[in-house]
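K.L.:
Put the complex together from the two separate chains, hints included.
So the sequence lines, in the order shown, correspond to chains R and D.
Throughout the first sequence, residue numbering follows our numbering, covering 4 to 146 in sequence.
Throughout the second sequence, residue numbering follows our numbering, covering 6 to 1169 in sequence.
What the hints contain is simulated information worked out from the structure, not anything from laboratory work.
Backbone N, C-alpha and C define an ideal beta-carbon position, used for all residues, glycine too.
Incorrect hints may appear among the rest.
Claimed, not checked - Covered stretches of chain R, as calculated for chain D (at least 3 residues, CB under 8 angstroms): (1) 10-18; (2) 31-42; (3) 66-80; (4) 121-134.
Stated by the list, open to error - Okay, the calculated beta carbon distance ranges per label pair: (5) Q560/D - G63/R: 52 to 60 angstroms; (6) Q590/D - G63/R: 40 to 48 angstroms; (7) G63/R - I574/D: 35 to 43 angstroms; (8) G63/R - L727/D: 40 to 48 angstroms.
Said to hold, decoys possible - Residues from chain D that face chain R, not an exhaustive set, calculated with beta carbons under 7 angstroms: (9) W324; (10) F403; (11) A431; (12) R433; (13) M434; (14) Y437; (15) E469; (16) G470; (17) T473; (18) L474; (19) W709; (20) D713.
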Amino acid sequence: MIVCVSVVGHQNNPLYLQSFTEEDDALKLHHVVHCSLDVIDERVNNPKKTGSTLNETFLGLLYPTENYKVYGYLTNTKVKFILVTTDVDVRDADMRNFFRRFHSAYVDAVSNPFHVPGKKITSRSFAERVSTIVKSFGLGGAV
Amino acid sequence: MEDYADELRTPPVSLISLVGCPDLHQSILTYLHKQQPPINTIALPDFSAISLLQKTNKETLDSSVAVPPGILKRDWLSKHRTRVPVVVAALFASAALSGDPAQWLQVCTDLENLKLIVRGRNTKLVVVIVQSTVGDEVSEDRMIALRKRAEVDSKYLLKFVQDETSELNASLSRLGSTLAELANTYYKEEGRRIKVRIEKKNVNSIELIIRYCFKASIYLAVAVYAEFRRDWAEALRFYEEAYHTLREMIGVSTRLPPIQRLLEIKTIAEQFHFKVSTLLLHGGSRQFLVFAELLETSSATISNTTSPSVVSEKSLTEWESHPAYYYHFAAHYLKEKRRCLEFALSASGTSGVPLPNGTESGPDSVVPSVYVGQFSRLLEKGDSMQPITDAEFTSYAFEEGKRFQDSFEIIALLKKSIESYNVLKASRMASYCRNLMAREYFTIGDFTNAKQIFEDVVHQYRQEGWVTLLWEVLGYLRECARKLKLVIDFIEYSLEMAALPISSDTPSEMLDRNMEYCPAGPASPSQRQLIHKEVFQLVKGQVMVSSEEWSCGLQINADEPVHLEIDPISPLRGVFLASVAFHEQVVKPGVPTLLALSILSKLPIPIEIDHLEIQFNQSDCNFIVTKAHREQVDSDSDSQQDLRVETASFLSIGTSKWLRLTYSIRPENCGKLECIAVIAKIGPSFTIRCRAESPASMDDLPLWKYEDCLETLPTKDPALALSGQKVIQVEELQSRVDLTIGPSGPALVGESFLVPVTVTSKGHPVCSGELKINLVDPRGGGLVSPRELEPFSTESHHVQLLSILGPDDKESLTGPDNNIINIQQSFGLLSVPHLSIGQSWSCKLEIKWHRPKPVMLYVSLGYLPKANEASAQKFNVHRSLQIDGVTAVAISHHFMLPFRRDPLLLSKIRSSSPPEQSTSLPLNEKSILVVSAKNCTEVPLQLISMSLDVDADEVGQSCTVRPEGDFPSDPCVMVPGEEFKQVFSVIPEMISPTLGLGTVSLKWRRERGSSSDAVITRHTLPDIKVETPPIIVTLECPPHAILGDPFTYHIRIQNQTQVLQEIKYSLSDSQSFVCSGSHSDTIFVLPKSERILSYKVVPLVSGLQQLPRVAVTSIRYSAGLDSSPTATAIFVLPFHPHFRIKDEVARESAPAATEPPLSSPIQA
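So that you can see chain D by itself, here it is in the shape it has in the complex (with noise of 0.2 angstroms):
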């Protein structure tokens, strides 16, 4: 942009001249500065200074005799701007044209001067009378002489008021007015006398070229004149039509030496191109508008855009838009440019082209001349210039172009077309442009930055599959590595190169030709070829067929081995895959399975391996395949740690031909065995290292997909090919010891469950056995429950692991100096003794359920087979069992007051709604507890003891407790199901709310647990609440009845207040009796007294039948005294009974039975 000269950046802004009244200038010079459109101005002080408006010499557009020399020159545009104004003001004081006639006659003169200079370029002419006031007038007359001597219109004749303000700024707008009407006037006439003479022109003119120079330089000129009228429709209209006419001109004109015309042409065009884009610009156009932004940050080159974006009539396509574009075909057309010079240099043969007349002065002369776009040269003497041949321009044009840096000018270019491209994310256009500017500095020789930038772009390339494109990328970069010496890098970018799947051959006429391919050639198969070859030999170490070519100083020293890594995402898989299956997915250890191993190359020779390692994770299976026939290399890998060496009859991989090998392995250790890498040594001193792929998940080679070509599975069994893995999984050992846990069976909630387990060993000895034992809780839930409060149990463990017995039952193994190492609550450690082959061990783990839970317990026992083998392999046995823990006993109780003896306790009556929950008693009386245990399990259960432990602090003194005839003292046997009920007698002897009665402990043990402790499963009885109670009703009958026998019943009334109280009682009639006594009446007992009630009653029915009853109601307390069905039963016997002899001492030792049965113990 800076290149261009302002008249050509800018538009035009009008020139006038001010001659005369020199004060006044400043003001307005200001004043018409700041119009819209502004002013320049030339200030003359006075008349004398007017022959700098004076022509000079013949100007350019009026020369239409002769050929005219140039089309346009340097200057002509300037000049309009700085030089020639459009129209002089003449200022005149209007004393001096009032004043004397000297002073008259020398405004006269001085007009008459003006006027000649003023007519020879039509310039136009205002005269201006400057007064000092309003007042200060000039006469009429003379007026009109000066108008006349003038020679304007009278409005250009104008009156300037310069000392007051309001009338100075009238003055200056109306100057200012006058003087843009005429500009604008001067244009207009000026573009209408050219345009005129275009048309009427050329019919009798000696050369056609005179005819376009005219019409080239009179299109500019009317335009430039539209410019400065500001009519830039028009001004476009004749800049293209000029720009059209240099087209045509080329063709015709033969003014100038060949070349020079052209340039000179070219110059002009690029000239008025850019007077185009910058008046586009101005029109508003958004394309235009990204286009001129771009040629505001361009250089000079940005105009050879020229022919595509202005020939084209059609829209723009929105990539047109883009800066980046236009960066991108800057470089472009430089790099043509350059292209063309370096042509031309090469076709002129040396540098330096000898002027053919011999002049010493060279280029250095020559200068550019008057005219845009044409040279010549200075000659020594004076500025005087001689037009120059088209050899010694040629020379000249070299000599410049030669100095030009071309390649940092298209770097920088590329660059802001990348990181425009990436603002677009045009991805591709950037990494093409990259390329561009990659190969400009290999160009130029700077191979870091080349290689670092083909480094990015051929990502690009690799991931799309363009082969072409990235096989010149490769050979590019092939060559900064050699160039830069980068061993490594060569041997990757050549094997990558090698191995890209190009196929077509390249016709091969057009590789001669071919200057845009890169240095590696074009892509063949035949240069595939070559490549491999040139590698293999470097890799090889073997001499170099085109020495000269790799006298670089590409070698690999033995001493520097070179290794290459090949990973699944490197691009170097076409080179060397290894794809490794595993036959089986599992394996015992020691057994041999087979894998199978196959190696690909894209490589288009076959290539010979000296030797393959595989590895693997466990490294003891790392093995070494050699060739058959060859023994040395076993001695070469003696460093190779005695790794075994499997021999195969060849290894040469062929294109694209699957290397299958199979080998057994044996793998020793149990768990994940996995080929990691595959290496291969081809020569002295080079390796692959390659990644081995499972061939289940190995994905295709990325740029060998889209070929056309057959594809082969990489094992020969296509399931392998499809599932096959490189991990097996090596199983563990088969264990030869067995480990039993004892009888199942639940445990019972309370007793020490014994488990045995038992070691047998099956044929390993059993060195460093560890015993683990855990009880996991099978639901899920822990074994803990910190915060359930056991009555009985404190333990937080609802099941306990609480030591292990030995082998004989009695010693425990819990002793510090036991083989114990470790118990918790639920986990154990216990070390196992050695065992030879054949022996067996066995102990007892002992566990306690506190409450009823079924547990998992897993019992695994680790041990080795070998004693004193730290590297030995551990065996582990695992064993579980679910034990379910259940309740033994269930123990219950109930409280029972005396047979037909009701006492009336108060608290029962008051809170009959209720339940209550603790018991009442009666004070002093016996009451009866029945306390029963019944037998929850499947087994039988020995019961040894039931007793009821009192606390004697609190309950010995207030109540009694004794059981009611003795503990059976054989062995109480209860069979499942069964229940067992002991009786004890209360009688509490102090009134108490809560009176503790203890708890009830029942000693058992399993019926054929041989030696297992008794267990005592605990019940605590409830409270029990004692009151007085004030009424009791006894009911006393005999203990059965004869049929026709009348017998007394009586029903006695203990009032045990202190009180009075009214009993109400009635008696319902039964059916089997006959009874006598009164049947309703209310009664009084005293206080602490009793009355008796008596019914003579006769049976009429045998069998057991109801009493009459009778209801007792105390009318205080409104509570009825109901003896319960029961106890009013009697059984009627039909007859006397009769007893024989011999069971007379049978009725002597059981007297009980005429008795009252008070005193026996109830049946359930």
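Same shape as in the complex, but just chain R (with noise of 0.2 angstroms):
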């Protein structure tokens, strides 16, 4: 189960963050969300190490932690897409389907005129969007 999804900026300032679960680890989430920023930094700073190539940016399995993993994304401004899981096995391809759909719904969600880039999101439509991505992850919905 998607915990939590989180769209942080070029200076690493969180844009969206909303979690999905019923539990009240919203700030740990919070936590974990930011710590992560930690990973893509070391690869992106090193990418030798992780073989990623220079084009990807699904950047896997962060690193898990306590009871969740942490998946990231990189799109090419330098807009980070966290998601934090549960699930222990995640297919590959599930998490790349998802992260191309929520890329796409924050493409849709920035390009609106009254959105100032470099700001929060609080488009309603985008969020509701994002529940709808996050709900259908895993059951190979249709892209």
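P.N.:
Here's what the structure looks like:
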């Protein structure tokens, strides 16, 4: 189950963070997302170590922590998408699919002429779309 | 790590036993110990001791009927290492074997006893016959008999030779390899046997649990045996198998009370896991190496990381190979454990759980039981154990848990984790760990440490705008400050929290369950408002609403006012942001200008300000803004040194709304006027001093800039909001005094050039006036040329300020009692007398140019408009003028020989090729010096005199120089460009290679320079060379001729030498004349005599004609004496001139017209 998705700006400031959990660990998820930025930094700064290709936006599993696994995605504009899940086994393809849909939702949201780039995303339709994507995650839903 | 027993940490070592022949034991023992792998030995001196090897009671592994009381006995592993040998080596001396029957019988008995013991455990047996020498053999029969008795294979009947070194070594190695082989065989067989037991098991077994217990313990045993054999792969496989069995067991086992059952399983799992980790370390995997290193240095809690790392079958992320990760986890799970303990304790009510059966002994009597992971009560009578109930166990566990200082452990782990994360430059992870650590300190009540660590963390979150995390940390910090009674810190943290951009409300139903939130509650607008209210109640000194919460004594005393300082990097900028912009960039002093003051606050509730004070760098501009209706503030602020008080209709700052105020400022002093700070006073004893910021260079509020909210400009005028500055330049006052520098025009080199300077008061009286004069080279170079030597000026300055003359031209102000303060070559400082309005004063600067050079003259007047006022504003008037210095007259000279007279100068002949520098003049001959002076200026000059100053000492006797003709007596005026010439005759009277002729001094002045002194311009004549001409050729002919009238023309050749001179001459015909006389010849001129060539010529053509040229050549000097064309020209009149009678006087007075022209001045 996806417990949290987040968009982090290129200055590592949170742009959007939504948790989908009944438990009261929202604050902890903030920490988890924030800490995962360290992993992304390391991945981006040492691309050789991780062997990721240059144009790969999907960063894969960032790190497992406590009860969660954290996945990352880095857009060309250095905006990071971070996903926190409690699923132990996640298929890579599912994850890629999720991020692809999430990315397009993000692109649509920031293409809104009333959105100021670099500011937090407060669009309600974006939030709805994200929760739809989250709900359909792992169901093999169509793109 | 130390918590684990040896047998868990180190690989097992096989154990054998030696019986008999004790004198050999030491050497065998040492040898086996050194083997690879080593073998441990139990040495029994004789066969009576073998009962030690006897099986005591039933073994765990064999108990297949009843429900086993536990999975693993506490000492099972160590038993196989230290007490139960796998091979027994029976050593018999050869003497005993081959000796008398009694001895043999004894051997047989010992063997029998040994076999009995050995058989119970399947222990292998080796019989060793100890011989002292090789030859000391036992008979073949005895050997066979022994082997049969011992029931061993012949290869396990060894001979051991003890006396010879080589043989001893061979025997030892033989024994060693046999023992190792047997040990291996034993472990292999045991393993196989147990495995078989597992497979055939459990169809008919009574309970499933037994099977699981068996499975677990058997897998363990198989693994251990494999480990003994150093078959790591198999050992690992079986340990993992055992581990998984344990997991399965959780669901089925009902053997013990449930809690203890789980605990047992967990403890054993922990040991298995430890084993697995250790084995993997031997496997050499890099990731696990790090993990194992971590294990080595960590404590027992680390085993909690079991599930994520072992279960995960995917490849590890890079993060999982960092020790920091595991430290972090260790701390996390320890914390989790403590949380559970606390929860359990709180659930169970009071801490002491009354034991249900009423035993008084309490948890103290609970001890670990025989089985790993089990506990039982130690009965007072004897050693017997009694199982305990779950309740008892729980109470025991609680007591144990309370004793354990989890927090310090957690802090220590986190500290390690932070260090490790810092090495990785994972600042956010480190911050998170710091955060956890600080929370731990907070939990145990160490607020000082907690506050310090939280302060480290808070910076990170502020920087990256993680508002929720920031809120949490600030909440803790605020609580720490409250606990430590740090009022200012408390206010700062509260204000920062209240001004955080938190807009979305957390659903309220989530708040109650929330245990993780910071003491300030969850981040929400309502909570912000709450905090805001609290802190403003505090600063206003009002009665607290929630007084019991505030009872810890935070309050502000009136005599200790609280003062907050907010600068552009302060996190409190969001609380109070002051933007100040002047409407103009430049203002004149005394002229009012507008100042836009805008204040923004992000606090959730509007704040009321009692009054604002605006501070400038010019403190007399400071002013106070108060509310319009509040009059009492004025009386309060008497202490504020009579500051200007402005009023505003309201002084309340709404949330995210600029409070825009505009006031007029009248700066009095020139220079920079900068608004420094805005001080807001709220309540009786609370002030916020906020550094003023220019809207043009104002940064966004760091946290709010990411918020999707409307941004407003500090001023209504967008231009001012974008470019407004908090600094204004106050211009200098308009001076009302005129300073004029008199008429310009080029200055002439050498004259004292007067520049009139006039100070005219046109509205300001001039008091303590001071005139500064500066001469500056406009091209940047200095006016000084110390190295350049001027022939007539030793002054080092090309241009010099000589003096300053008073208004009436005559009075020099340079005297000591005058008001000149200072005068230097290019700088002057002069005090100006007091001038009333309308008066003027002037002076003249006397400047002398030594070289032609343009100069910038700067004159500045500084004065005070009012006398006797030290603080008054000084006014400055600056003027400048460029003045060119030009050379007035250019003097040149040239020498001439007398007309139609050519002395032969030898130096001219010899050095014909290089141009002669010095002029040569003939000795005792009259030469003519023409000095010409040209007016180079644009003004007419008056010449006063021109003279040749001869150095009397040298030149006086050797040369006679006198002017030909007098200098005109009436003033001789030279218009620009005109040239004046003066002729001097020079008669050298002494032979000299360098004869100084002296200096030409020209006295002149400007024609209209009314009173200026005459200027002397000097021109030094070059040295001349005086020599004796050997031959002088003189041409003699009448001044004019008449057409057709014959006349005679002579060429006189004088030989001045003592030798005969051979002269060659030739005459070239001219068409204008008919000539009689010898045309060419060579003649001789006697010493000191002369010869005259005479020609009679008749002019044929009138006008200026060239006489027939006679070329005279001295053979001796091979030098021609050519007269110049002008010298041989003659004017031929067409007829005799007729003069009228009345011109008779003129004819008489001018006889020179008919004379030879020698004595007449030469016209150019």
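K.L.:
Of all the hints given earlier, name the ones this structure violates by number, lowest first.
P.N.:
6, 10, 19
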